[in-house]
Amino acid sequence: MHLRNAELFCDVVVQGSFSKAAEVRRVSQSAASQAVHALEKRLGAQLIDRSKRPFELTPAGAIYFDGCQQLLRSFEQVEEQVRRAVGQTRSRVRIAAIYSVGLAQMHDYVEHFQQLYPDVMVTLDYLHPDEVYQRICENQADLGLVSFPKEEKDLTSILWQ
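To convert a position in the sequence shown, counted from 1, into this note's numbering, add 35.
Read the hints as simulated data drawn from the structure, not as lab findings.
There could be a bad hint or two in this list.
Stated by the list, open to error - Taking lysine-lysine pairs in the DSBU-like style, the calculated list, with each CA pair at most 35 Å apart, reads:
1) K76 x K55
2) K76 x K87
3) K185 x K87
4) K185 x K55
5) K55 x K87
Work the whole structure out from these sequences, hints included.
Structure below.
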């Protein structure tokens, strides 16, 4: 349960919105808010300052967010190692997308892709454009979606319409 709340908390931070994170996780906005509140109660610390628009992470929230991201990546890697150990390697596609491209319809594309290829795990992260390029260059993402691609000799850009 704590892991799901941590995932939801990270989605809230990345999306910058409880309702957008809830949509990504396919839960209600109330459930997203309650998950973050449960984390705050368990930790005894406010993670998000909701009095500001847009909300801001508190110092404790920033620490927790960084730690959760590391934890979730590690968890995913451990699961993959176990699958390999028992011969059930699952292919994966890691997508890094900017908010404006990703939020519009990406979830529908990912869902359709997973219906066609149920054995492929898809992860989708919404990021700042510079972070999308960083993930691609550091081999932390397989596909990057941006609005206006940079001219990079080591990267191939394909127009998507």
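(Q) K185 and K87 were given as a pair; does the straight-line alpha-carbon distance stay at or below 35 Å? (A) holds (34 Å)
Q: Given the hint that K55 pairs with K87, test it: the Cα-Cα distance must not exceed 35 Å.
A: At roughly 17 Å apart (the allowed maximum being 35 Å), K87 and K55 satisfy the hint.
Q: Sort out whether K87 lies within 35 Å of K76, counting only the CA atoms.
A: holds (20 Å)
Q) Within a Cα-Cα threshold of 35 Å, do K185 and K55 meet the stated pairing? A) Judged against 35 Å, a Cα distance of about 28 Å means the pair holds.
Q | Straight-line alpha-carbon gap K76 to K55, limit 35 Å | A | This hinted pair holds, its Cα atoms lying about 23 Å apart.
Every hint from the earlier list agrees with this structure, and none is contradicted.
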